[in-house]
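K.L.:
Here is what each chain is made of, one letter per residue.
Protein chains: 2
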Amino acid sequence: MNMGERNLYLHTISVEEALSKYYNYLQQNKIQIGGAEFVKTEDALGRITCEAVYAKSNSPLFNAAAMDGICVESKITKGASEENPIVLNLGKDFLIVDTGDAIKSPYDAVIMAEDVIEIDDTHIKIVGSVPEWENVRPVGEDIVTGEMIIPSNHKISPIDIGAILASGNLNISCYKKIKVGIIPTGTEIIDPKEKPMEGDIIDSNSYMIKSLVDNSGGVGKRYGIVKDDYELIKQQVKKSIEENDITITNAGSSAGTKDFTVHILRELGEVIVHGVAMKPGKPVILAIVKGKPVIGLPGYPLSAYLAYDIFVKPLIENKVNLDNKISNHNIIKAKVAKRIVSSLKHKEYVRAKVGKVNGEYIASPLNRGAASQMSMVRADGLLIIPKNSEGVEAGEKCIIELLKNKNNFDNIIVSIGSHDMLMDIVADILAYKYKNIILSSTHVGSMGGLMALKRGETIIAPTHLLDESTGEYNINIIKELFNRNDSISLIKGFNRIQGIMVKKGNPLGIKGINDLTKYRFVNRQRGAGTRVLLDYLLKKNGIDFNLISGYDKEVTTHMAVAACVKSDDIDFGLGVKSAADSMNLDFIEVGVEEYDFAIRTKDLEDEKIKAFIEVISGNELRKKLDNLGGYSYSNVGKIIKDIN
Amino acid sequence: MNMGERNLYLHTISVEEALSKYYNYLQQNKIQIGGAEFVKTEDALGRITCEAVYAKSNSPLFNAAAMDGICVESKITKGASEENPIVLNLGKDFLIVDTGDAIKSPYDAVIMAEDVIEIDDTHIKIVGSVPEWENVRPVGEDIVTGEMIIPSNHKISPIDIGAILASGNLNISCYKKIKVGIIPTGTEIIDPKEKPMEGDIIDSNSYMIKSLVDNSGGVGKRYGIVKDDYELIKQQVKKSIEENDITITNAGSSAGTKDFTVHILRELGEVIVHGVAMKPGKPVILAIVKGKPVIGLPGYPLSAYLAYDIFVKPLIENKVNLDNKISNHNIIKAKVAKRIVSSLKHKEYVRAKVGKVNGEYIASPLNRGAASQMSMVRADGLLIIPKNSEGVEAGEKCIIELLKNKNNFDNIIVSIGSHDMLMDIVADILAYKYKNIILSSTHVGSMGGLMALKRGETIIAPTHLLDESTGEYNINIIKELFNRNDSISLIKGFNRIQGIMVKKGNPLGIKGINDLTKYRFVNRQRGAGTRVLLDYLLKKNGIDFNLISGYDKEVTTHMAVAACVKSDDIDFGLGVKSAADSMNLDFIEVGVEEYDFAIRTKDLEDEKIKAFIEVISGNELRKKLDNLGGYSYSNVGKIIKDIN
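In order, the protein sequences belong to chains A and B. Counting from 1, position 192 in the first sequence corresponds to residue 192 in the working numbering; the numbering is continuous, with no gaps. Counting from 1, position 319 in the second sequence corresponds to residue 319 in the working numbering; the numbering is continuous, with no gaps.
What the hints contain is simulated information worked out from the structure, not anything from laboratory work. Any given hint could turn out to be false.
Just so you know, same-sequence chains aren't split out, so a pair can sit in one copy or run between any two.
Said to hold, decoys possible - Within a straight-line C-alpha distance of at most 27 Å, the following computed DSS-like cross-link-like pairs (lysine-lysine) qualify: (1) Lys623 - Lys333; (2) Lys234 - Lys333; (3) Lys335 - Lys608; (4) Lys279 - Lys404; (5) Lys454 - Lys333; (6) Lys479 - Lys234.
Remember, it's a predicted structure, so these values are computed and weren't measured experimentally.
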């Protein structure tokens, strides 16, 4: 009788074995699911980037008014006071500007509307002076051409869409949505729309599975119900394989008298797993037909759900399971890495990066200008400063409304210190090679980073600080800054060529440091290695910094310096060659500096740090840096233990 | 000059004031956003139910084989053993069945294929007996007609779609998606597709806002860019109001020379708020035009994002922010409320309800049959029992993979105890009246509930336990079970009419308890109040339970009893009138019982419990119970403090 024809499982294997057996087979046979496609940025919500997105334009596109008011030349405001007001002529001395308006030469500063006293239709007076670049957002303040906006393998959020469009990218490369065919089988199965007779079972599973696929970011396609007939099922399976990336049959995956699926899949391709030691969900089939996964899910709803969740979802979500969003706002308390001053009048929301260092949340405030789109893209949360508070001190605990999933923060390497474009590339390589590791960099300059390391607020502190007396980099300053108990090591990084960036063709004919007092400069912030280098060079050459126009105009990254030099308002700046190259500027070398990573010795044992060292020492990064230019390599990844 | 025309804010108000001022205005003027519509169940993923969904059919639709094997009459297997095997004839003594096949009279049990020894094509032998209903899933075991499947205000998940279809609902009533028109304004604004000239600003905001709306479950519609022109903006705003539920303008909400929006909105309707004391985001406009919200968002990206998040999102998500899903699997440790036995051979996933009692997670395992769709709908998480484990003891800590958001569990009232349909209705009223409170009921019978209360695993224990000696309900058993330190109170609930359910028209002419030995019965599980009542009645009437056919066939809810009585295989059962009514059965009253809620006295102070008491005492519940029938009310909501 029929009883004998049941295909009893010879043996079942564990969930873990089944997963690794199947996925290894896929890998060894180089079976790729889906692929890449270009997607209109405006339609890319929820899609996963397959390549990193780089800015194609600056934001702002020009020097722009940061306030409503008037634009002036700062020099004509010098000496203005209550006792000695200065009267200005409309059209000659000033123009009326609204927030966002371009500030063009010769104007170089904006006075807020509230600080201006009207005399008549064409005259105003001012009772205070403004420094150069006051209330002006410099070109590229937020986004600089060539900068990485979004890494690869990143799920696109609404905020990302704004930033990507602002960076001039109308299309981006994303993973295709995985197409999944779903075939309900069974003679007793009827569609929910039919009226059930005794013995009928309503097919609700295939609709559930389609919704699960859609929910995972795939595209589920449900085929009609197929009776328990070997040939009919086989034809439908073949059709679905042609039309989809993955095929699911449900049910018939078991060992009953009418369970044909496993025989059909053995005829058409290869069955890798039949039967898994899980409950419910045991009768799972994991097969490959014509280079595509075909999975037989068991018939009971929960069995089908679980087997989907364990075996199918990762195949779809491998490309899409990078959800950075959380549905409910998530509140945590975090130690603030840096003092924030706030007004009593407002409830203030400050964007912040969040990391976990020694099990404690640390929040580093980001750029506070509301115009900055990138600070939103980079933010992990919003630090809330209540109304009637004057702000928070470094080290104080603060309320953070997380914008990302709490679980992510366990996988973050916090890096606070000097800026270099290579950090973005390292983050990108880490993200796709070690799915779980996120490198979160905050740029506060070398000295700021070492101070954060001292206070226990960062794991890595990228640094390139010159000891003016010895000409040596990094080692001495660490010895000075840390005491014995701290036990700091240095991971050797890259040699960077620093120099003077000037416009293409060097129209002003700048030759070196001694020419610098003649032209318009843009500086880096205090504590930045490049600033230390500049001051060292000025001192060495006996140049008074007061003679340099723009010494007080500070920006915080090499790329921002390059963007300024590219604009009409600045003639030169100091920075690394890679930034000059990427903005197509000329470059006059002034020295080679060592960009290394300070770290507590105990953290060298951390698996995430081991991965970081692997990435910085690897060929993949080196190839990308060679393309950028301006780097050289001698001891990359070498560890100098316990310096202090 | 133009400077004078700036509309400086007279004053700004706090975020909280602005929200309550605007929302109060909406409420007082009865402004409703969106509405309800019928949606095909298969297309309802992510939609929010506007009414609770009730089952239109049973699942399974008939008594069904739970295993592959043979179906037999249990009585002919009596006495079978290794020494004394019984030979059975195909077609006469048994039929071959696969899982899910209907089991029809006279057959009433299934023997697993593995336990059957084949003799020849038509004969087998068995070496053990099977009790009635062994390996048979009774009709309505999972879903019973009339039962609430999904509450109102619930976000539909893939699992829900399966269960709703299995319950015979092809369409469900959901909230319409909120339509939001987005109008980018500004003469300096250009579309990302245009080539920017100096002074141009790329409009990335309107695309970000559209994506934010879509992400919130609404439908964002982006209109073309409008120049800073009073009439043009006014026309576009009027058009968007006609076509959408909510309109957003961006930017022009501030006080600059070209910020017309607030004037236009004052002309067209009413500006409720202009200017909020938040940073960034200050220049927000909250207005109502023609009964529809119009919101002016500030121009800077972060300001626009924050103002959207605080003021617009709740308007859209009020109907949709009930996200039960979490993107990453979330692992917690929880105390198990009940012993679970598992096999060494499998990794087992047991569905569980999860609640927080006294700050500790408690997991109550649900029905373990893989066929049960409803246990998936009800589950909060999957309790994982590793391979090579024999199971877990009550009180042991276990790993749970959460299926819902962790944050939800702070808002749950855990209820473990006796089942009544009114608990579903109370949960539904709580969910829509007190947005945050979730009533999570597990049905283990009255005694099981009190034991859970004693072990600190539930907050409420619904109970209707008769003291056989006094005829009094609930009080005495609590006195016996708890010691002084426990301090238990009783919230009086409802009087329920209990009785015998028989088929419509009472074809067998059952008159009362004394007729019960003649017919086929279905029982409730041990510890259920109805079971105690039955045993009390049998004893009182001197009836031997061994004489009742089906005394050992147990189901766990009143509705499941009703569904069995509705089928061909059962003649009667004991339960409440409301269940009999809802399945259109006849009902012979045998007594009135008191269904109350035991609780620790200290928990009476909990805000959630106060809301619970308000709901059970309220008119809304009473109206719904009157419709069901079978309830009476005397002291509902009265509290008897510190019984023990």
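K.L.:
Now tell me, hint by hint, if it's right for this structure.
P.N.:
Hints, verified against the model:
Proximity of Lys623 and Lys333 under a CA criterion of 27 Å is satisfied in neither setting, with 41 Å inside one chain copy and 46 Å between copies. For the homomeric pair Lys234 and Lys333, neither the shortest alpha-carbon distance inside one copy (57 Å) nor that between copies (45 Å) is at most 27 Å. Taking the shortest alpha-carbon separations for Lys335 and Lys608, only the intra-copy value of 22 Å comes in at or below 27 Å, while the best inter-copy value is 33 Å. For the homomeric pair Lys279 and Lys404, the shortest alpha-carbon distance between copies (21 Å) is at most 27 Å, but the shortest distance inside one copy (33 Å) is not.
With identical chains, the CA atoms of Lys454 and Lys333 are at most 27 Å apart within one copy only, with a shortest distance of 21 Å there and 35 Å across copies. In this homomeric assembly, Lys479 and Lys234 never come within 27 Å of each other (Cα to Cα): the closest approach is 72 Å inside a single copy and 66 Å across copies.
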